[in-house]
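Trainee: Protein chains in written order, with the numbering used here: chain A, 1 to 610; chain B, 1 to 74.
Calculated directly from the structure, the hints in this document are not laboratory data.
Quantities reported herein were computed from a predicted structural model and do not represent experimental measurements.
Hints are not guaranteed to be accurate.
These stretches of chain A come out as covered by chain B in the derived footprint (C-beta under 8 angstroms, 3 or more residues) [as the list claims (entries may be wrong)]:
#1 91–103
#2 457–466
Partial selection, computed: residues in chain A whose CB lies under 8 angstroms from chain B [said to hold, decoys possible]:
#3 Phe-58
#4 Ser-59
#5 Val-200
#6 Ser-203
#7 Arg-206
#8 Asp-233
#9 Pro-238
#10 Asp-359
#11 His-368
#12 Asp-454
#13 Arg-510
Glycine is no exception: its CB is placed at the ideal position from the N, C-alpha and C atoms.
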Amino acid sequence: MKVLLLGHPNVGKSVIFNRLTGADVISSNYPGTTVDYKKGLMRHKGQDIEVIDVPGTFSLEPRDKAEAVALDMLRDHPQARIICVIDATKLERGLYLALDLIEKGYAMVVALNMWDVAHDKNISVDPVKLGSLIGVPVIPTVAVSAEGLSTLMDRLLAVEPAGIAELYKRLRLAGLMTGTTCNGCSGCIAGQTCASAPSVLSSEERWALVEEISRRTLTIGHYRHTLKDAIGDYTVKPLTGTPFAIAILYAFWSIFSTFSGLMTDGFLGKAFDRYWLPWMQGWFPGGPGTWIYGVMVDLGHFKDGVWIASETCLESFGVLTSGLYLELGVVLPAVFAFYIMLALLEDVGYLPRLAVLMDTFLHKIGLHGYAIVPTILSLGCNVPGVEATRILETKKQRFVMMTILAIFIPCGAQIAIMQDVIPSYTGFVMAYLFLGYFVFGFLLNRIIPGTTPDIIMDVPVYQRPILRDVRRKVAMRTKSFLKDAIPFVTLGILIVNILYSHGAIDALARASAPIFEGWFGVPRQTAGPLVAAFLRKDLAIAQLSAITMTKYQLITAIVLVSIYFPCIGTFFMMLKEGGKAFFGSLAVLISVAFIWVGLLHLVWVILGVQ
Amino acid sequence: MIKDLYELDLGQTGVITTIEGGRRHHLTDLGLRVGKCVTVLTRQPFHGPVVIQVDQVTLSLGKGLAHKIKVEVA
Numbered sequence: 001m002k003v004l005l006l007g008h009p010n011v012g013k014s015v016i017f018n019r020l021t022g023a024d025v026i027s028s029n030y031p032g033t034t035v036d037y038k039k040g041l042m043r044h045k046g047q048d049i050e051v052i053d054v055p056g057t058f059s060l061e062p063r064d065k066a067e068a069v070a071l072d073m074l075r076d077h078p079q080a081r082i083i084c085v086i087d088a089t090k091l092e093r094g095l096y097l098a099l100d101l102i103e104k105g106y107a108m109v110v111a112l113n114m115w116d117v118a119h120d121k122n123i124s125v126d127p128v129k130l131g132s133l134i135g136v137p138v139i140p141t142v143a144v145s146a147e148g149l150s151t152l153m154d155r156l157l158a159v160e161p162a163g164i165a166e167l168y169k170r171l172r173l174a175g176l177m178t179g180t181t182c183n184g185c186s187g188c189i190a191g192q193t194c195a196s197a198p199s200v201l202s203s204e205e206r207w208a209l210v211e212e213i214s215r216r217t218l219t220i221g222h223y224r225h226t227l228k229d230a231i232g233d234y235t236v237k238p239l240t241g242t243p244f245a246i247a248i249l250y251a252f253w254s255i256f257s258t259f260s261g262l263m264t265d266g267f268l269g270k271a272f273d274r275y276w277l278p279w280m281q282g283w284f285p286g287g288p289g290t291w292i293y294g295v296m297v298d299l300g301h302f303k304d305g306v307w308i309a310s311e312t313c314l315e316s317f318g319v320l321t322s323g324l325y326l327e328l329g330v331v332l333p334a335v336f337a338f339y340i341m342l343a344l345l346e347d348v349g350y351l352p353r354l355a356v357l358m359d360t361f362l363h364k365i366g367l368h369g370y371a372i373v374p375t376i377l378s379l380g381c382n383v384p385g386v387e388a389t390r391i392l393e394t395k396k397q398r399f400v401m402m403t404i405l406a407i408f409i410p411c412g413a414q415i416a417i418m419q420d421v422i423p424s425y426t427g428f429v430m431a432y433l434f435l436g437y438f439v440f441g442f443l444l445n446r447i448i449p450g451t452t453p454d455i456i457m458d459v460p461v462y463q464r465p466i467l468r469d470v471r472r473k474v475a476m477r478t479k480s481f482l483k484d485a486i487p488f489v490t491l492g493i494l495i496v497n498i499l500y501s502h503g504a505i506d507a508l509a510r511a512s513a514p515i516f517e518g519w520f521g522v523p524r525q526t527a528g529p530l531v532a533a534f535l536r537k538d539l540a541i542a543q544l545s546a547i548t549m550t551k552y553q554l555i556t557a558i559v560l561v562s563i564y565f566p567c568i569g570t571f572f573m574m575l576k577e578g579g580k581a582f583f584g585s586l587a588v589l590i591s592v593a594f595i596w597v598g599l600l601h602l603v604w605v606i607l608g609v610q
Numbered sequence: 001m002i003k004d005l006y007e008l009d010l011g012q013t014g015v016i017t018t019i020e021g022g023r024r025h026h027l028t029d030l031g032l033r034v035g036k037c038v039t040v041l042t043r044q045p046f047h048g049p050v051v052i053q054v055d056q057v058t059l060s061l062g063k064g065l066a067h068k069i070k071v072e073v074a
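Could you put together the complete structure from these sequences and hints?
Mentor: Right, dumping it as structure tokens:
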């Protein structure tokens, strides 16, 4: 049996999915977390059930690529049973979608989710009465604590498709059809299936029904505003919300850099340099000077014809020393800290408020406030950031967003390495990249045809994050980082070492010297790290730090590595999401790299430092 | 008196009389429709969006859209 979880964005479908199947999909407190479908298996009462979590949709007419995914799944699985998830505090609009699904003849149950929140707000819905009116089981649920989910599944196993004729009969019997299109055929009155039911209701008729039904089943009691509501208001009001947003982002940055700095400089760095590296140098077969030793442990360097061992992992260039140190010693603590804070911000429900505050600025670059979500996700890793562009409505928005994300937003791994190799200039590099994000966003907005619609976005109420979900989400993202980072950094070191030993990089450096030295003002040896940057940008930045150059050249080279080309993961995600538009992005990207890095070189020349 | 939703004072409530423009259906799906009481909670400076409350729904709407919604104010 197949079951589809359908409903508005941010009603808790992914949480229900996780609880039912024991799977881990990312859930957060903002609309548009899920942009692709996810399948999972469960067993209930001896039945094997395949559950499919889909992106939220407001209606059966898609408005963006994420909604289209949901409706494609619905179309592709006409026999699937549906769990229509409704936010119990927002009954009317949820009911509208539910009625639409019932009319179309799907076998479904309604989960009245966030039942606890409704209770706190003194909102009560009569599930039995509602169920008998619309002819499908209605079960109150609290997804986060799995309350009601077992009953929900019991009822789902037993449910039969109803369809519009059955709906009409029930509504007619309840005296609810007055003033709508059913002309009162004898069938309805006799308690049989309505013979004169139309095949589909108009939007006005359906809303009229929704209002009638909710009038009979919904009671809203007196509600006193709580501290949570007050904080909700103050963090979105410009006068109080703006300083708050700056404080939050500043806190985010300082916790991130303090934590990762402490772990790397104070602990892991020393452990790797003092114990791991000498230990590896001591026993690894082959010994200094052999190819395998050079690639795996220590490339070393020659001084006056004598081979000298490296003293730090960063200089050693070995897969097992440099590679592991970079990913486990430097990047892992940083992305871990980043993902903890991201999870908290997401689950509290702060991001939509930040979106409201940023909307005006993002409009200037052809986007709207919601673009803050892909942007912040990209600061962790560009891949989910690019995927999240699906929630933007128009092609133009998606193109602009994808392009400037891939060019200008450094990922967490990259930022962590920058903190390690150029701690005093990381801020400058980041500022120069963010400036580029706005400058080229502004230009692309002027050049690219198409429109940017106004923002329409739900602002969710704040929720207390649930520790277990935060932990799972952080673990999942960290795991996915490790899964990509370790193989790619290994591959990157291997490829670069092979290319070096065959003289390919020297040849490339010689051939491209005029571009590197003339236009960008960086040493021609930068060619090597640029090759590695396609696999891992963090590795590339670490390799840059081993090349002799001035600090200004190093800053330029790091900016170049950041923007010149997306890493392999982002590359394929852009290809998948952008289709043909991807090649446009690539063209923009290459020209921007020349302009923006060349400009930085020009700044250094004007300042007289180069 | 009929006003643009965008022109309501902060905290002021009105009843929606008309919604113009092509995205009317989307707004309706979100719970914003003719006959509903709507309160403006905040308005961002520099032509920014408004944040409004309809029933239990808190929505952020761009300025252009807010101009297309007319409300009756007592």
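Trainee: Each hint needs a verdict: does it hold in this structure or not?
Mentor: Each hint tested on the structure:
no.: 1; hint: 91–103; result: holds (count 4)
no.: 2; hint: 457–466; result: holds (count 5)
no.: 3; hint: Phe-58; result: holds, 4 angstroms
no.: 4; hint: Ser-59; result: holds, 5 angstroms
no.: 5; hint: Val-200; result: violated, 15 angstroms
no.: 6; hint: Ser-203; result: holds, 7 angstroms
no.: 7; hint: Arg-206; result: violated, 10 angstroms
no.: 8; hint: Asp-233; result: holds, 6 angstroms
no.: 9; hint: Pro-238; result: holds, 5 angstroms
no.: 10; hint: Asp-359; result: holds, 5 angstroms
no.: 11; hint: His-368; result: holds, 7 angstroms
no.: 12; hint: Asp-454; result: holds, 2 angstroms
no.: 13; hint: Arg-510; result: violated, 52 angstroms
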